[in-house]
Amino acid sequence: MAEIGFRAATYDDLLAVPPHLVAEILDGRLVTHPRPTMRNSSVGSILGAVLTSSFQLNIGGPGGWWTRPHVIVPDLADWRHERMPEIPD
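The number in our numbering is simply the position in the sequence shown, starting from 1, with 149 added.
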């Protein structure tokens, strides 16, 4: 059953969020949280480097994956080469 008064969030809602917050639309709802701390960003960068070298470049890992940031929030996402042979524009 639909919620009374529920309006799915839009991309315009994302653009209206203050710059000190990260915003995502999850299941139609606008969700915000503070931007990551310097330590969190550093760990994310290190994790990205490890995953890229292991999963994309096959250095000490299985290889065969693309590692790219998520579209809305700077996050990591991976795809098997078999499922996405080339990185789309």
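Keep in mind the hints are simulated off the structure, nothing from the lab.
By construction, the Cβ of each residue, glycine as well, lies at the ideal position given by its N, Cα and C atoms.
Don't take every hint at face value.
[Said to hold, decoys possible] Pairwise CB distance ranges (calculated):
hint: 1; residue 1: 234; residue 2: 196; range: 22 to 32 Å
hint: 2; residue 1: 154; residue 2: 203; range: 22 to 32 Å
hint: 3; residue 1: 161; residue 2: 213; range: 36 to 46 Å
hint: 4; residue 1: 173; residue 2: 196; range: 11 to 21 Å
hint: 5; residue 1: 207; residue 2: 167; range: 34 to 44 Å
hint: 6; residue 1: 156; residue 2: 210; range: 38 to 48 Å
Hint check results:
Under the hint 22 to 32 Å, the C-beta atoms of residue 234 and residue 196, about 25 Å apart, fit the expected range. Between residue 154 and residue 203 the C-beta distance comes to about 47 Å, which lies outside the given range of 22 to 32 Å. Evaluation of the 36 to 46 Å hint for residue 161 and residue 213 yields a pass: the beta carbon distance comes to about 38 Å. At about 19 Å, the CB distance of residue 173 to residue 196 agrees with the hint of 11 to 21 Å.
The hint said 34 to 44 Å for the Cβ distance between residue 207 and residue 167, and at roughly 42 Å that hint holds. The hinted window of 38 to 48 Å between residue 156 and residue 210 holds, with their beta carbons roughly 44 Å apart.
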